[in-house]
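Trainee: Each protein sequence line maps, in turn, to chains A and B.
For the first sequence, this note's numbering begins at 339 and goes up steadily by one.
For the second sequence, this note's numbering begins at 339 and goes up steadily by one.
You can take every hint at face value.
Repeated chains share a single entry, so a pair holds when one copy, or any two copies, can fit it.
For lysine to any residue, the following SDA-like pairs were computed, each having C-alpha atoms within a straight-line distance of at most 20 Å:
| id | residue 1 | residue 2 |
| --- | --- | --- |
| 1 | LYS394 | LEU361 |
| 2 | LYS433 | GLU393 |
| 3 | LYS356 | MET388 |
| 4 | LYS394 | LEU611 |
| 5 | LYS394 | ASN350 |
| 6 | LYS356 | VAL532 |
| 7 | LYS433 | PHE607 |
| 8 | LYS394 | GLU349 |
| 9 | LYS433 | SER595 |
| 10 | LYS573 | HIS598 |
| 11 | LYS394 | PHE607 |
| 12 | LYS481 | ARG511 |
| 13 | LYS394 | ASN533 |
In short, the hints are calculated from the structure, not lab data.
Number of protein chains: 2
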Amino acid sequence: MELWYTEKQTENMGLSLKVRNVLHRETTPYQELAVLDTLQYGRMLVLDGMVQTTEKDEYVYHEMITHVALYTHPNPRRAAVIGGGDGGAVREILKHPSIEKVVLAEIDAGVIEAARSYLPNISSALDDPRVEIMVGDGIAHIKAWRNAYDIVIIDSTEPVGAAVGLFSQDFYRSIDEALTEDGILVAQTESPYVNASLIEQSFRYIQGVFPISRLYLTCVPTYPTGLWSFSLGSKKHDPLQVDFGARQMVPTVYYNSDVHRAAFALPNFVRRLIGDLEEAAR
Amino acid sequence: MELWYTEKQTENMGLSLKVRNVLHRETTPYQELAVLDTLQYGRMLVLDGMVQTTEKDEYVYHEMITHVALYTHPNPRRAAVIGGGDGGAVREILKHPSIEKVVLAEIDAGVIEAARSYLPNISSALDDPRVEIMVGDGIAHIKAWRNAYDIVIIDSTEPVGAAVGLFSQDFYRSIDEALTEDGILVAQTESPYVNASLIEQSFRYIQGVFPISRLYLTCVPTYPTGLWSFSLGSKKHDPLQVDFGARQMVPTVYYNSDVHRAAFALPNFVRRLIGDLEEAAR
Chain A
339 MELWYTEKQT ENMGLSLKVR NVLHRETTPY QELAVLDTLQ YGRMLVLDGM VQTTEKDEYV
399 YHEMITHVAL YTHPNPRRAA VIGGGDGGAV REILKHPSIE KVVLAEIDAG VIEAARSYLP
459 NISSALDDPR VEIMVGDGIA HIKAWRNAYD IVIIDSTEPV GAAVGLFSQD FYRSIDEALT
519 EDGILVAQTE SPYVNASLIE QSFRYIQGVF PISRLYLTCV PTYPTGLWSF SLGSKKHDPL
579 QVDFGARQMV PTVYYNSDVH RAAFALPNFV RRLIGDLEEA AR
Chain B
339 MELWYTEKQT ENMGLSLKVR NVLHRETTPY QELAVLDTLQ YGRMLVLDGM VQTTEKDEYV
399 YHEMITHVAL YTHPNPRRAA VIGGGDGGAV REILKHPSIE KVVLAEIDAG VIEAARSYLP
459 NISSALDDPR VEIMVGDGIA HIKAWRNAYD IVIIDSTEPV GAAVGLFSQD FYRSIDEALT
519 EDGILVAQTE SPYVNASLIE QSFRYIQGVF PISRLYLTCV PTYPTGLWSF SLGSKKHDPL
579 QVDFGARQMV PTVYYNSDVH RAAFALPNFV RRLIGDLEEA AR
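Chain A with its partners taken away, still in its complex shape (with noise of 0.2 Å):
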């Protein structure tokens, strides 16, 4: 038998993938939860049957979300990941040695559990005694705090259902707020050619709220395009000023400080898709 799976990634293309077995399906007080051993991409979280990271893949989505702030903010001390239950961010975060304290706010204690039983090479980091662990609601917790952090990393899924509140302009002045003087945001905000009214409005909102902000591409092969989009808000470091000479480079598949700098050359529609179009005409 073969079975296949596919997440409908817009209503008009999928991406299929050959499943060795089901490991995991139930239906949390938040979402549908499943776990997939794929032929292709290993064992695969998938939430309201949307791929969320596979084991294969998964470096690079969380190498970019997280080091482009970690290498960009001089000493970072303490983080937050809004999101991000399955670990990874935590684990990427936990690589530099000047971080003291890693707080994990997911909303659903149902990823964290099928990261811990089924993916243990991205969720191993959980159990560092650096990381704090709050199953809640991140916009709360935010909310909660001030100058307490100096990376917060919004991981979320698409912004539907719990999300949604997670791409508003109050959450981005929240987390202005929560962060410390020189702190540093950074939000997964989607693919440009599918979602690119959300990136125009999320990076919008990170403009009216911080002095520096930054949209930053990669491309992760399980997610709608490939083509994926970060956005950096900053009180104080630019992420196109880092003297990497100082730093000592933490291991990475994906990351170094070439890919860094590469990350912030827009094609020409996304410069304009973030009313960069001056840039875009030179």
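Mind docking chain B on chain A? Use the hints.
Mentor: For chain B alone, coordinates are given in the frame of chain A:
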């Protein structure tokens, strides 16, 4: 009725697209050819069951396979495209005012005819008076010329069937001889995720023939894993040392001078693939 087309990109992975209509289907002497009208990507050329190009994302591949070399060369006048019967690469080359002649060497007249009939935005430039269309064996064509081209682009299908010879070191040597003394070769060399050994081999071959060799990447939504590689061999001009200030930028949707430079920033796992280990360790 919902009609879906699925390209099995590997044995274990597929791209599925909803199809409005099958516009054309034939078996040419070289391959099975189809033009589908998809809802996500518009009209799409499929050869032997593999997506070659689509109306909606074709600019990424066609701009990246051409402009990197065309801007690296200070005064490109004569170019050859091997394969590329859809005309997209030819269209991009002709944007450069210095170009006097483009030879298209496509083995399958059916591809050219289908592109002319169904993909006018991609094939339009094939009627430009600077274009010479040679229907036949690109390898034989290249072998017959010395010192003839400033730029040679290998815009091939996957290395199966008629395209196998286009990935051989013998062919790269012939191109070296067909190029002028400061000529440049660019070849599409597939995905680092699913064609790692092909990239390793093609790049090593090109390294063995050209004094300057560089691998660069882009993200093509409709190609397997999205991440796509191009191998460049150059006799004199280094694509990392382009003086863009001296050049007029041609109109593009994707390519610009920042994207040019960024394309050469390789993730660590790709650096390792081409033996660039020391760099990766930095």
